[in-house]
Structures are given as C-alpha cells and as structure tokens.
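Position chain B against the provided structure of chain A, taking the given hints into account.
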Amino acid sequence: MALNPHKAARLRRNAVLYVAAAILLLIWVVPIAWAVVVSLKTESEVLAYPPQIVFHPTLENYRDALTGSFSILSSFVTSLILSSATTVLTILLAIPAAYAFARLRLPAKKPLGFYTLVTQMIPPIGLIIPYFLILNKIGWLDSYQGLIVVFLTFSLPFAIWLMVSYMEDIPREMEEAAFLDKANRFQTLWHIILPQVRGGIAVTVIFVFLNAWNEFLFSVQLSGNHVRPVTVAMYNFVSVEQTLWAKLAAAALVAMLPMIVIGVAAQKQIVKGLTIGAVKGGGRR
Amino acid sequence: MSDEKGRVSLSGIHKNFGSFRALKGIDLEIEPREFFALLGPSGSGKSTTLRVIAGLEAPDTGTMKVDGADVTYASPGERNVAMVFQNYALYPHMTLEQNIGFPLKMDGVSKKLIPDMVKEAARKVKIDHLLHRRPGQLSGGQQQRCALARAIVRKPRLFLLDEPLSNLDAQLRLETRVELKRLHQSMDVTTIYVTHDQEEAMTIADRMAIFLDGDIVQVGTPEEVFNRPNTIDVAAFIGSPPMNLIPGRIEERNLAVGDHRLELPDAPTGASGEVIAGIRPSHVRLTGVDGVPARLLLSENLGESMLLNLAIGDHVVKLRLPEVRRFSEGETLHLAFDPAHIHLFDPTTRRRIG
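Quick mapping for you: the protein sequence lines, in order, are chains A and B.
Residues in the first sequence are numbered from 1 upward in steps of one, following this note's numbering.
Residues in the second sequence are numbered from 1 upward in steps of one, following this note's numbering.
No wet-lab data here; the hints were simulated from the structure.
Remember, it's a predicted structure, so these values are computed and weren't measured experimentally.
Using N, Cα and C, we set each Cβ at its ideal position, and we do this for glycine too.
Hints are not guaranteed to be accurate.
As the list claims (entries may be wrong) - For each label pair, taking beta carbons as the anchor points, the in silico distance ranges come out as: (1) B:Glu175 x A:Phe207: 45 to 51 Å; (2) A:Ala21 x B:Gly43: 30 to 36 Å; (3) B:Arg21 x A:Phe207: 41 to 47 Å; (4) A:Leu93 x B:Asp70: 54 to 60 Å; (5) A:Leu104 x B:Val178: 40 to 46 Å.
This is chain A alone, in the form it adopts within the complex (with noise of 0.2 Å):
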C-alpha cells in the first residue's frame, strides 16, 4: 500500500522528533536507571569488572540505608522538617508581601522589590562565611532555626517575586468590586485574590520545597551532628577508605522519593491552577 506524500512526509518528521525526544529522555534517565540497578546489587557485584548484567536482586542495600549503621531515616525525617517549616514560612510571608508589591501604593516600592532580590544576585558561596559567622554569633549553628532563617533568605525573595507576578494578573476591577462589595483587604485577599492564585501557590511551594530538601551548600557548612538533612548524611557512604556505593544508591533513591510523590500529586494542581476567567474576553492565563 503506498502512503501518499503528505502522510509519508508527516511520519518522517514524526520519527525525527521521537528520536530525538528518546535520546533527550535517555540522558535524564539513565543515571537514576543505574542508581537502581546499583542499589540493588551487593557492594561487591557494583565493583566487579565488566559488570554484570545478570545478577540476584537484594534489597539489603535499602535496609541498611533505612535503619543500618548508618542509617538515614533520622536525616531523611530532620529534611522532611526543615523542608516543611520552610516551605509553610515562605508561603506565609511571601503571600502579603507579594500582595502588597502586587498592589498596595508603598514609599520606595521600586528600590524595595528590587533589594528583596539582593541573596538572588550574590554568588551563595560569598555568604557561607558571613552566615556561619553569624549563626556562630547566636548560637543557631546546627540548628533547625539557624537552616530555616538562612534557607528564608533565598526562598522568599524567589517565593515573593513569582506571587506577584500571579496576582498582577488579576484584573484590578475584581478586587475594586469586592471592595464596593464591603470587603476589607484582608477579605479580598482571602476571598477574591487566593483562590484564583491556587495554582501560583502550588507551584511555589514545589519550587520551595524541592530546593530546601535539595540544598547541600549551606546545609554541609551550617549543620552538624544534631541536625543533618539527607543531603548530609549521604556522605556517610562516602569515606577515606571506601564509597559504599550501593548503600549511596539506595539512599539517594529513598531521599528522592518525596519529590517525586510531590511531583507527580502537584501535576494536577498546577493545570487546576489555569482557571477559567470571569472577565470577557479572555480566561485567566
């Protein structure tokens, strides 16, 4: 059977992209690929030359990574907080603040949003040394406390800025309604401007929360043995004498889990968060 020209033309330049797209998909995926193969051999399978590709799964790897000597469930549970706490303070601060850069008539609102950028602009290794001196200063090093202020200083000026691009595009006219219809601001913030920002909250607090359970260059200089997040804590695996790569595998898979449960669960959201407009003419983007 032949293909007429078109279809024939329209196949090929649908080959070209899957092709391209397999090998786009193929770079991303293969290290996490050979993360689990790893994870699943014994240390000695890991090390063997050439590898072998035929071998027993174990998930002894997991266990110790779980609850072993060097176990990094503490860690994982000690992210799990400081991602959290930062994440719920980011949301909290940034909302208002974003709201009043959004809206609000403030003195000085130009040289204010641009200074709230000022961490974004710093290269982070330029402020290791002064927030370790600090957080020496105070007695917050190695602490929850000290993590959490020093992630805020890069979270919120990120958080503050999408907000507010969101919320300038709500047309103005809905919120001078609700405030004809006897809204204060804080009711029109709770009532007319959050619920159409949904999907800009969502994504911030993924944002948020992915690069607080991420952060390793201050979390390495800034923690100790009290409180070490994972991203720490896998170095355990890695010592003078040896790398215990398996285990590493393993727990770099474990430590990755939340993202991906947050990834997969916010998709939807984020889609949600395009609401259908109410202002003729044009839909909420």
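This is chain B only, laid out in the frame that chain A set:
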C-alpha cells in the same frame, strides 16, 4: 431608608494622573432617584468621575457629598454604592450564586436570608436558572446580568454603571437598555451611568452631563442638550450625525454664508459679526430653484430615511430626508434652511449666542 435619598454633589473635583489632567474642576448635582448619564468621548473624564463617586479614586482637590454628608475620602465599602464594571469583574472561582451573594456575606447578612435574596435578585434579571454555573460557563449577556444582580442584591444608595452595554452585541444592547430603565424604575435608586454612546444616553437618561477634556460642558435633560447645545463642541458631539456647523456672518439679522443670505427674524439682538451657524440635518429641506444650490456628493439609504451629503461651495452639509428617493451623485439640488432651527455660536469663545 427614609433619609437615604441619594443626592450626589461634586464640587471642584480635580484629578491628575501624573501630568495628565483627567478632571479639571468638576461641579455636578445629581438629584435623588435620577437616572443620570455621564456622556463623553473616551479620555474625557467620565469614568474617572464615576470612580471618584464610587470611592475607587480619591480626588486631588474638591469635595463630594452624598445627602449632605462629606464622603470625599470615605472608602468604597463605606459609601453603600453598587457598581457594574465594563468587564463585569465577576469572581471566576465562584458560582453565580456565590458571586451574587458575596456583597451580602461581606455585609454580615444572616446566612439563612442570603439564598432567598440571591434568588430574588437573579429572578429580576432572569438568570435564576443559572445560579450553579460559573462565570466562565456563561455568555457575555448572562455575565452582564450576573454583574447587575450582584449590584442590586443589596439596597445600594447609589447604583453606578460603567459602560455596561459596551461589550454586548447590538441587538442585546437595545434589549438591555430597556431593561436597565425598567430596573431603575423598580429599584428607585439614584443611578449614574457612564457611556460614550450619545444615543444610549439620550434614550435612557433623565438628565446627563457632557464631558469634554476633563470638564463638564453641559448638564441638562436629553431634550435640552439636543435642542440647545451650549457650545460648538457639544453641538458637534450630539446627534447622529451631529449638526452642520458652518462659519458665516451676522449682519442686521441676516446670516451670510458666502454669497447666500438667510433672514433670521429671531436672531438675538446684538448678535453680529463672525459666527458659526449650526443646523441639524433634519432641519435642512429640499426646495425649488429659489433655494441654495448644492451638489450631491453621496446619498446614504437608511431604510426609512436618507442622509444626503451635499457641497455648498467648500462646505459639506448633511441633510436628512424623511423618505427614500433616487438621486444621482453629482446632481444639483436646492436647499432651504429653517431659520427657527438655526443655532449660533461665537467662534472665539465657542459658546452659544442667545
């Protein structure tokens, strides 16, 4: 309700946006229960005036009073005004029922009473069958009705409408216009209506204010504004098409335009020299060969009437013919002007003479 009548007085209202002078000293008295239109081209300050009345914009100087009480700096919520926005400003995440009920909820009305009041308001604008939909699922006309219902669900002291019909198609606009008038009669509330459409203002309003360049140039009933425009600018704005404005001279109760003379027995005494003469297209007639000769440029068939564009020398004159006839373009017709319907304006002050 007894002492709440809804008399609005604005005096000396100035408002600048940066270097743009949006309002240049507005004085306005709106009577209780009046249907009052703010009419003007875009950028003339009518919407800004409405926003000052609503409390959404504070004037730079001037005062606003409602029933004698100074509310210049009162917040929108304190003024007990309801407003329909040009783009309706419905809350997209709420159902119509929640949209209409929102002002009641914010006003602290008992939860038990809200559903009945919402239904009542929805019934008045015929959307009571749509209460569980969201704004995004409605047509433009239905959204507009929802905005109206949200405004009338409580008993506002002032009812403000900002170009409420401009987003509707022509047919729906005519229907809604009638309904707005009916709604106003049943509500018995002072209604202030912003529009750039003079026909809309003429048909719907009890009185109107005409805005040009941040100033009110005339206040009056539609008849007054139509029959006695007090400046050249109002004359050039009101009427579709507006009146013909032709420069001429007044000499001994005669109007001279080029070589033509027209006796004006009613011309105001003392009027002399250069004037701008205005006459509506419906007051220009076709006549016999003793009339002023004019060349036909274009004829527009309007169904029941015709609009003729004619040239007298360098001037184009429009004529409305109450019947439809066949003309050939370029032919010469003869015109007569009804002296009783000639308006005279001073070309320097631009004001009406007499």
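Now the hints, each set against the structure:
Checked against the hint of 45 to 51 Å, the pair Glu175 of chain B and Phe207 of chain A passes, with Cβ atoms roughly 50 Å apart. Separated by about 52 Å at the C-beta atoms, Ala21 of chain A and Gly43 of chain B break the suggested range of 30 to 36 Å. For the pair Arg21 of chain B and Phe207 of chain A, the beta carbons lie near 45 Å from each other, so the given range of 41 to 47 Å is met. With their beta carbons about 39 Å apart, Leu93 of chain A and Asp70 of chain B fall outside the hinted range of 54 to 60 Å.
Restraint check, Leu104 of chain A to Val178 of chain B: a C-beta distance of roughly 42 Å satisfies the suggested window 40 to 46 Å.
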